[in-house]
Each structure stands twice: as structure tokens, then as C-alpha cells.
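Protein chains: 2
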Amino acid sequence: MDLFENTERTNLEQLGEFGLIDHLTKNFVIGKSTTFKGIGDDAAVLDAKDKKVLVSTDMLLEGIHFDLAYTPLKHLGYKSVQVNLSDIYAMNGIPEQITVSIGMSSKFPLEAIEELYEGIYLACEQYNIDLIGGDTTASKQGLVISVTVLGYADEKDITYRNTAEEGDLICVSGDLGGAYVGLQLLEREKLVYLENPQIQPDLEGKDYIVERQLKPEARRDVVDLLKSRGIKPTSMIDVSDGLASELLHICKQSNKGCNLYEEKIPIDPMTFETAREFGLDPTVCALSGGEDYELLFTIKQADYDKIKHDVDVSIIGYITEPNAGKNLISKGGSVHALTAQGWNAFT
Amino acid sequence: MDLFENTERTNLEQLGEFGLIDHLTKNFVIGKSTTFKGIGDDAAVLDAKDKKVLVSTDMLLEGIHFDLAYTPLKHLGYKSVQVNLSDIYAMNGIPEQITVSIGMSSKFPLEAIEELYEGIYLACEQYNIDLIGGDTTASKQGLVISVTVLGYADEKDITYRNTAEEGDLICVSGDLGGAYVGLQLLEREKLVYLENPQIQPDLEGKDYIVERQLKPEARRDVVDLLKSRGIKPTSMIDVSDGLASELLHICKQSNKGCNLYEEKIPIDPMTFETAREFGLDPTVCALSGGEDYELLFTIKQADYDKIKHDVDVSIIGYITEPNAGKNLISKGGSVHALTAQGWNAFT
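Protein sequence lines correspond, in order, to chains G and C. Note that the UniProt record's numbering gives residue 62 to position 62 of the first sequence, counting from 1, and the numbers run on in steps of one. Note that the UniProt record's numbering gives residue 213 to position 213 of the second sequence, counting from 1, and the numbers run on in steps of one.
Think of the hints as simulated: they come from the structure by calculation, not from any bench. Accuracy of the hints is not assured; some may be wrong.
Copies of the same chain look alike in the list, so a pair counts if it fits in one copy or across any two.
Stated by the list, open to error - Distance condition first, Cα-Cα at most 27 Å in a straight line; then the derived DSSO-like pairs of lysine-lysine:
id, residue 1, residue 2
1, Lys308, Lys140
2, Lys74, Lys306
3, Lys264, Lys306
4, Lys300, Lys32
5, Lys37, Lys227
6, Lys156, Lys51
7, Lys331, Lys49
8, Lys37, Lys300
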């Protein structure tokens with residue numbers, strides 16, 4: 001599991017910061033009409049035209065957000081872009097630019113950084129994003145990745161968290177809990193490997209949940225789908241910290257309650273089975289696992305017919321008046337207060 | 001020199017990420033008309049109106065960009081904003097928003113983070129900036145600060161690096177080398193302290209150069225001055241890596257040469273004397289020291305009369321045709337090739 005085994009090594013110290021930036025960005029072509037000027041000056045210059053500009057930022061730190069023992073650098077680069085794009089889609093906007101700042105040990109071979117950038121580039125290519133700037137520096141302790149994303153939307157299309165209304169249907173795209181269960185699997189195989197490096201990791205048949213963890217996809221397709229159906233969500237958020245935490249954000253900011261039905265929460269069979277293998281409750285994984293990067297949104301009941309046949313969107317509950325509480329209705333029919341046990345970086 | 005000595009300690013683990021963000025940002029008021037929505041959703045929303053949007057980002061890592069042994073956290077917060085604002089001024093634009101991402105040990109007391117944010121807030125207040133988002137996370141790798149700045153300018157006012165013309169005068173604001181010499185002083189006092197913790201740091205009378213290092217000020221006033229004089233620089237860059245490196249950027253990107261006169265380079269007497277105490281050449285400190293965050297710009301000769309009486313702007317040379325080379329003319333009159341030995345984070 002040594003990612004740098006058998007790779008060529010070029011020395012970062014010789015290349016220097018400007019040489020490295022030139023090397024990494026020279027093949028990158030700017031494509032968006034909102035990008036007036038990309039890399040190469042003190043700041044990039046953007047032309048928002050008549051749109052509002054959406055800005056979000058996320059930082060990924062080695063040892064906290066990722067473990068290089070089982071995270072291929074290309075996947076890491078890809079993921080660090082996706083988690084940012086997801087925030088713009090969650091506003092019902094279109095991301096068009098990113099800046100990427102990287103801190104890494106000067107002992108890192110150039111080839112490793114190139115792998116990381118391959119993943120960044122792949123994400124940019126597939127999601128039609130311009131890389132317009134950033135910062136590259138040495139780090140004394142580990143890999144640091146900070147991405148800022150810029151997106152655009154017409155004012156009337158922007159979807160906030162604080163605008164859910166009583167009676168709205170609660171919807172979520174895709175399925176939940178997979179990224180968390182995938183992480184448990186990777187952590188287990190790491191321990192097996194550390195105990196006996198002769199044993200190869202056993203991830204056979206688990207591709208889906210491993211990919212959910214290592215290579216998530218931001219749900220641009222869901223934003224497109226809603227637009228094509230003529231639906232503007234009444235509120236929206238992306239699922240980075242777990243369904244419970246995100247739904248509580250919507251309820252709190254909208255000053256509403258909710259009824260969430262356990263049996264309606266979409267969980268992939270592989271997630272379900274693997275959670276059980278680990279002695280975990282699949283529902284808890286979906287509620288509190290996080291990192292699924294699905295979209296959680298509310299729609300008016302009148303829009304139900306427009307979306308009811310879309311298998312990739314599940315209706316999992318509805319918004320209530322605030323005094324009705326925030327409830328999880330279990331498969332057995334009992335009512336529980338919904339609580340966030342989402343990921344806390346500080347514990 | 002223990003910054004946390006005798007301070008109260010509140011546990012970050014108990015507060016959690018959302019609690020911490022709420023706590024740190026609750027008193028922060030949004031003020032710019034370009035800020036449509038600040039902190040509190042998946043992304044901030046900005047209204048560029050009819051302006052171009054300028055974007056830049058800078059990352060500061062403990063052990064590389066700062067040493068907490070002698071850097072007060074409030075100063076560090078202030079500086080991490082200033083270095084970003086400086087990039088927008090260097091485009092002849094006005095910065096209006098920042099996002100701030102912080103990674104820190106969960107062992108950090110809340111009071112330490114509050115100090116850091118006090119500096120961030122002070123910079124925002126003094127420079128009229130909205131804090132619109134960010135990310136707060138635990139770090140296993142020491143303190144990590146990543147700031148992205150957004151600014152605005154009319155297209156006609158934006159000043160790039162690649163537009164200097166033959167005959168243009170090379171100008172620099174303020175004085176150079178102070179931040180580097182201040183750093184040498186702080187490093188020396190740190191060593192003295194480590195050898196004998198009873199000895200208090202001797203920085204008496206050195207306030208100016210210590211401040212140049214710990215608490216730089218981005219040169220908004222120079223942008224304002226040029227505007228009030230009716231001067232649009234033909235090119236501009238900020239001095240973060242040293243005068244030589246920055247001037248070479250302008251020459252390379254503009255495909256021009258330059259003559260830079262050593263005797264014209266502005267160096268404060270305290271910088272000069274302290275450099276000599278350390279056995280350093282003050283000119284080399286100015287050329288290669290970096291972190292002064294002054295503005296280096298070129299103007300048409302016709303604009304000379306508009307600025308010649310401004311003592312805070314020095315005319316240090318002129319732009320030549322590319323084949324004339326990039327020359328430093330020493331005080332003795334000898335001609336040297338200008339070379340960048342600016343700061344390289346990887347060595």
C-alpha cells in the first residue's frame with residue numbers, strides 16, 4: 001500500500017514554487033465565458049454578467065479528512081473538487097471556477113503531486129470547471145488541500161436552507177450511508193495490512209461503497225433534473241455531515257419541524273449488508289455517516305407528480321410546523337426525536 | 001513566550017464545529033452592498049453589479065510561514081487577511097469579501113482561536129471587508145490558515161503584470177527589506193530565549209521592523225492615491241517574494257527589460273542599520289527578502305509630474321526593450337543581471 005513504490009521521483013526543491021505551478025498548470029485550458037483571466041497574475045478576473053456569484057470553500061487535511069494509506073492521490077484530488085462543487089449545486093447554482101491551494105512536504109516527489117492534479121483536472125474536465133488560481137507551498141507535517149469554488153445562478157433560482165414551508169415534501173437524491181460504511185471497510189483493511197503486510201486488502205465486490213468514500217460525485221444531474229421538470233426546491237443542502245444533521249439545519253433555519261420516515265431512507269443493499277457485517281445499524285449510518293454528497297431538498301406538494309417516477313430521488317418525509325418537533329418515525333412506527341450525531345472534526 | 005500562559009481554556013471538542021463557527025462569527029456584521037448573503041448556507045451569494053470580480057487565495061502554514069513562538073495570534077490573523085488584500089490592490093481593485101478556513105489542533109483553547117479571529121476582524125473592520133464564509137476543522141499538523149479574497153474593479157481600471165511598456169517608470173511604495181530584517185531579529189531572540197528562558201526578548205527600539213514582519217498593512221492608500229492623481233499604472237504587482245522576483249515577473253510577462261538603480265531602492269534607516277548588525281547587505285534584503293507587501297508598479301513618463309512629490313512612492317528605474325536585459329545598476333555604477341533569490345517554500 002505504499003503509493004510511491006516504484007514511481008519516479010523528481011525533486012520539488014529544485015523545481016521551486018513558480019516552476020511547480022507552471023509545470024502543473026501549463027496544459028490547463030480556460031474555457032468558461034465567466035473566466036476573464038485565469039492563472040498568472042495577483043488575482044484571477046471573473047465576469048459574472050447578470051448572475052449572482054456563489055462562493056464556498058472546503059479544506060481537507062491529512063490525518064483528519066483522508067488517510068494516504070488507502071487514498072490514491074488521484075482520487076483525493078478528484079474528491080477535493082467534488083466536495084466543493086457539491087456546495088454550489090446545493091444552492092441550485094452552476095460551479096464554473098475553482099482555486100486550489102496545496103501544502104505538502106518538500107519530500108513529496110513531483111510525480112505524487114502530478115497524480116493529485118490529475119484527479120483535480122479530471123474533475124474539472126468532467127464538470128466543466130476552470131482552475132483559475134491557488135497557492136502551492138511546503139508543509140512541515142502533512143498534505144493540506146484548500147479549495148474555493150465559484151458558481152453562478154440567477155437570483156430567482158438560488159435555493160437557501162431557510163425557506164422550507166410546512167407541508168413541503170422532504171426529498172433526497174441517491175442513497176445514503178455508503179461513504180461511511182466504505183470508510184469502515186478501508187479502515188479495517190488498513191489494520192489487517194499493518195498487522196501483516198503480506199495480506200492484500202480484501203475489497204472484492206465492494207467497489208460501490210469504496211467509491212462512495214474515495215470518489216464521490218457531486219449531483220449536478222439532480223440540479224439539471226429539477227430544472228428540466230420545472231421544479232424549484234423550496235430549500236436545499238448537500239449531505240456532507242449526515243442526513244440528520246442536514247435536515248436539522250433546514251428545520252432550524254426555516255423555523256419548522258419535520259417527520260422523517262426511517263423506512264423511506266434510501267440505503268443501497270451493499271451498504272446495508274456491509275453495515276450489518278460491522279455490527280452497525282444501516283439507518284444510523286445513513287443518518288449520521290456523512291460524506292455522501294447527495295442533495296437533500298424540499299419541494300411543494302404540488303410538484304410531487306413531476307418527480308414521483310424518478311427512481312434516483314426518494315421522498316423521505318415532510319415539513320411540519322415548528323411545535324410538532326423534529327421526528328424520526330421508525331420502521332416499527334415509534335416516534336423518536338431526530339438528533340445529529342454527525343461528524344465532529346474536534347472529537 | 002508561552003502564548004497560552006495564564007489564559008482561560010475552553011474545550012473545542014465540547015463546542016464542536018458548528019458551535020465554534022457560531023461563536024466566532026455571531027458578532028460579525030455584513031456591510032458591503034456586493035454581499036447578497038454571507039455566512040450560514042452552503043455558499044455565500046455575491047452581487048458583482050457591473051464590475052469584474054477579482055479572486056485570489058493564500059495559505060499560511062505553521063512552521064513554514066509563521067512561528068507561534070514569537071507570533072501573537074491576533075497579529076497572525078491580521079496578517080493572513082492583509083497578504084490577501086494586497087493581491088487585490090495589486091490588480092488596482094477594491095477587496096470586499098474574504099473566506100477564512102482554519103485547521104487547528106483540538107487541543108487549542110477556544111481563547112486562542114478567539115485571539116486569531118480578533119486579528120481577522122480588526123483587519124476586516126479597518127479595510128471594510130465582509131467575512132462571508134469558511135471552514136473550521138481540527139488539524140493534526142499544526143495551525144493552517146487559508147484565506148480567499150474577492151474584490152471588484154471596472155474592467156478599464158484593472159492593472160495586470162503583462163502590460164508594462166518601454167520607457168515606463170518603475171515605482172515602489174513605502175520601503176523594502178524591513179519585514180525580512182524584522183524576521184531575523186525575531187529568530188535571534190527566539191534562539192536566545194530557548195537557550196535561557198529567563199532572558200526577555202530584546203526588541204527595544206525595533207518596533208518598526210518587527211511590525212513590518214508581524215503586522216504588515218496592504219497598501220490601499222496607494223491605490224487611492226493613484227486614483228486621486230488620475231494615474232492608472234501600466235502594470236502592477238505586490239512585493240511578497242522580494243523586489244527582484246516581482247520586477248522579473250513584470251518584465252517576463254510584459255516581455256520587456258529593465259534598469260533598476262540600487263541607490264533609488266527605498267530602505268528605512270532601521271532596516272539598514274539592523275541588516276548591517278546581522279552582517280547582511282541591506283540591498284539584498286530589499287531585493288530578495290520579501291513579505292513587505294508594498295506595491296511595485298510602472299507608470300507612463302507623462303505621469304511623473306503627478307506623483308513626483310509623493311514621498312511614499314519611489315521611482316527606482318525604468319522599463320527597457322527586452323534585449324537590453326534586466327539590470328541592476330549598483331551604487332558604484334556597475335551593471336549586474338537582476339536575479340531572483342526570493343523565498344522558495346520548498347528549500
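Violations among the numbered hints, reported as their numbers in ascending order:
1, 2, 4, 7
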